[in-house]
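Chain by chain, the residues run as shown.
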Amino acid sequence: MSQLGFRFLARRTPRKDAEPKVRGLVKYTNDLEYPGMLIGRVVRSPYAFADIKKIDVSEAVRMGAVVITPDDIPQKPFNPRLVSVDEVTFKDTYVLTYKPRYLGEPVAAVAASSEELAQRAAEAIRLEFERVYKPILDPFEAMSPSAPRIHEKIMKGDKWIDVENNIAARLDYEEGDVERGFSEADYVLERGFKTGKRYHMQLEPKAVLCVPEPGGKLTIYTTTQSIHNTRILISQLFNIPESRVNVVKVPIGGSFGSSIQTNYLVPIAVALCLKAGKPVKIAYTREEDMLDHSNFVFHFKIKIGARRDGSFTAAEFTNILDVGAHQVQPYPLLGTSLGWFVSMYKWRNLRYRGIAVYTNKVPGCALRGYGAPEVQWAVETMVDEIAEALGIDPIEIRLKNYVGRGDIFWGQGPTVRSVIKSDGVPELLLKGRELINWDKRGRPEEKKGRYRRGIGVARGFHTSGAGGPISGEVIDYTGCILKLNEDGSLDYLTALQDHGGGTLDAHVKIIAEELGVPPDLINLASASTENTPYDVCTHASRGTFVGGECARRAAQILKQKIFETAVRILGRVVNPEALRIGYDEKLGETVVYVEGSDLKITLREIARTAWQRNWGTLVAAVTYRATSAPPSFTVYYVEVEVDTWTGKIKPVRVVAGADVGTPVNPDMVEGQLHGGFAMAWGMAFSEDTKYDPSTGEIMGRMLITDYKIPTAQDVLPPEEFKVLIANTYEPSGPFGAKGLGEAAMNPAVGAILNAVYNAIGVRFYELPVTPDKVVKALRERGETPW
Amino acid sequence: MVRVSFRVNGEPVEFDVKPSELLINTLREKLGLTSVRYGCGIGECGNCTVLVNGEPVLACLTLTVDVDGCEVLTVEGLSKSELTRVQKAFIEEGAVQCGYCTPAFILMAEYLVRSKPEPSIDDVREYLKGVLCRCTGYVNIFKAVLKASGSGRGRERVDKG
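Going line by line, the protein sequences match chains S and Y.
Residue numbers are given in our numbering: position 622 of the first sequence equals residue 622, and the series is strictly consecutive.
Residue numbers are given in our numbering: position 11 of the second sequence equals residue 11, and the series is strictly consecutive.
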């Protein structure tokens, strides 16, 4: 995009927070301390499904601990995630409960002057159980009429509703005539898919520090993707006006969706803080963190009809979502799952049935992609199979059917629709095909020997946010403040969180581009709920697209004010629109000038003059709702090597293509793709939290010894990981940019497993594909190594 | 309580500690060295890595009494003003995302370039395999370490246009 003459964008630039990070100076929530603070610990249910008769806190109190039980908490149900509008938000969670519904559910909590005393006090609390039920861990068993009800009554919006057959939420959808569509098909394929229950394994376990301030105010520091939604939830739960709850944005050590919701430890710390009247900090252990959040389990049944020419005639998609013990807004996931499916290919006729089902497991929440990695794995597996059955090249069938430029796109669910304006899919598919040497990949039956290599392709996308022209069921807007300081530097304030991907650095570069002010002089100011406009959350790959455009608009407004001020100073210039702003290399300053004349003034001088002459502060405050959520398309070509003796699989080569519009920082684009691929590798081959069927406990006692994520030895050396950036420009994005965080991962699992098929001729429909499954499949086919 | 004295980032320190006190807690809580990060407490994630007498050690599995008389280095003590080659390379190669694991990777990389001045990519992967990162997929970290070492090569550009 250098032809557009960007000064800061589309160039590799060191991110502003990199130096403090390599010096180890960035403070995360668990690093924070406050004078006189107590340390809190959570008491958890040892049973997956039970009724507690009594919680005996006497010993803990005698030890000097502050203790809270369900009796200390307002008993109104809530949903910890506030991204959907209230009418479609199902509320079934209590901060502490006498009826634990998963093993590890918080039932009481303590705070004491030291971590050791708090831990001893927590262990001294005695739980007496009325009844312990057999845990229900399978969603199909949960739906049977004879199954006990995990929840009886929950709230939808402000109304109580009955829960039938453990069904938490449903979404059905139909378009066209599905029966006729299938009757017109020459080939129909039906498959079932199941995923693991993945754990986010963000490196920073969740933590919170809650500080009581004079005047009944609370200041909260916590690991969150949304400071404003955290504030709103605490305000609602404890009936404190939002003006008396300030949530401060703290750097976060990765998140991947695990803190879109307010993590359970936040209201617990607030309740302890209110009771103790002292600051309270809680930092989860890794094992507790695994009991706080993991992904949903997806059970798909998909049927696709195709004509001989490779066009699709109909699709039927059943999505049984195992949501665990509580709803962290799985209802919108029923919508996005459908959105991912619909926006992949033109099915022409479609029927969808989505059912979210309660089980006695850790509550499921979003994990990078919000269903897209799962749906795109399933779809890309089947499209590969259909191409093979019809004798069509897998790349051709994708190009023929994909939803692209000019089509209606609704990744984030049926109420979030917009028209696609930028589309790099053909470029990425065709360039990648050459780079991976697609035509030489061979057929699985030709491959012999212990080690077999295969090449696979898959494509997909994610939205850039959840905005749209019509207000739907999803809340999506942001806000920011940009002000010119008295020396010409800038302070930029946004509630939007940076999980580590460099989102806020992108904002800084966008402001720099608009104003010609170098990133060094743009301060990412400390932000909290009381000094920023509302932002819904950093999720849905919206940080750069939505937040970045908001920042650009603020810069544009500020620019106008700078020009008006310059006109006042320069005298001879009549119209502000005659002015330009940019960075003057020779002066090493940002200047305002008239093109083709020598009339110029530095921004520093403008700022200083406005200050010295009492003209006031130049400032822009913007609240911004995006009118579209354009897809960032990605294409993965992957080569793998399968050891047919051990079932172990390793990556050989990757070509990762991304259509992000203008790449704000190519280093960060690469970083997202590298990280997305690694996460997909874990999803494909190792990651699952398995539950003991009799106790409902996560096997391996939540130790990460038994939860393997990819290490440095499992990924590719730099020269084998090729990144392609499509030459596109998104008209609705800031300087043409789109999102990437989730698209970077979404189709990768599909490509990896299509490559496995190309190597050994076996398709896998259940994740993770552990070595034993590979060996078993080969044995069943009659292959034995010895 | 046991009296221990050792050096941290070049400065002598002395504490009375319980025999069971872990080095991660001494460094974080008594010295404010929060670059030593808790990630699992069982020696799996490597995020608490520090160098003791120049060798990598997991602070979450090390008793403070065991570093009596030793030299402990955390990232805070790596460079007083000018960044090291490794630190610079991490910035230049986009090897930093959320930053939580970064200190541990920097220390492992410093250890690597000192013990193997011209490492191969396999050496890099072998040395770094004990530290988990969930953001970067490790690739830019490999680039940074190779660049900072004697094996440093020119980078491949993928800029558009």
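Do not take every clue at face value.
Below 27 Å or equal to it, Euclidean Cα-Cα: the simulated DSSO-like pairs (lysine-lysine) are [said to hold, decoys possible]:
{"id": "1", "chain 1": "S", "residue 1": "Lys27", "chain 2": "Y", "residue 2": "Lys116"}
{"id": "2", "chain 1": "S", "residue 1": "Lys16", "chain 2": "Y", "residue 2": "Lys116"}
{"id": "3", "chain 1": "S", "residue 1": "Lys278", "chain 2": "S", "residue 2": "Lys346"}
A few chain Y residues that don't get close to chain S, going by computed Cβ distances all over 12 Å [claimed, not checked]:
{"id": "4", "residue": "Asn53"}
{"id": "5", "residue": "Ala89"}
{"id": "6", "residue": "Glu93"}
{"id": "7", "residue": "Ser115"}
{"id": "8", "residue": "Cys133"}
{"id": "9", "residue": "Gly150"}
Not everything, but these chain Y residues come out facing chain S in the computed CB check (under 10 Å) [stated by the list, open to error]:
{"id": "10", "residue": "Ser5"}
{"id": "11", "residue": "Tyr111"}
{"id": "12", "residue": "Arg114"}
{"id": "13", "residue": "Pro117"}
{"id": "14", "residue": "Glu118"}
{"id": "15", "residue": "Tyr127"}
Read the hints as simulated data drawn from the structure, not as lab findings.
Every residue gets a Cβ at the ideal spot worked out from N, C-alpha and C, and that includes glycine.
Ascending list of hint numbers which this structure does not respect: The structure breaks hints 1, 2, 3, 5, 6, 8, 10, 11, 12, 13 and 14; every other hint is satisfied.
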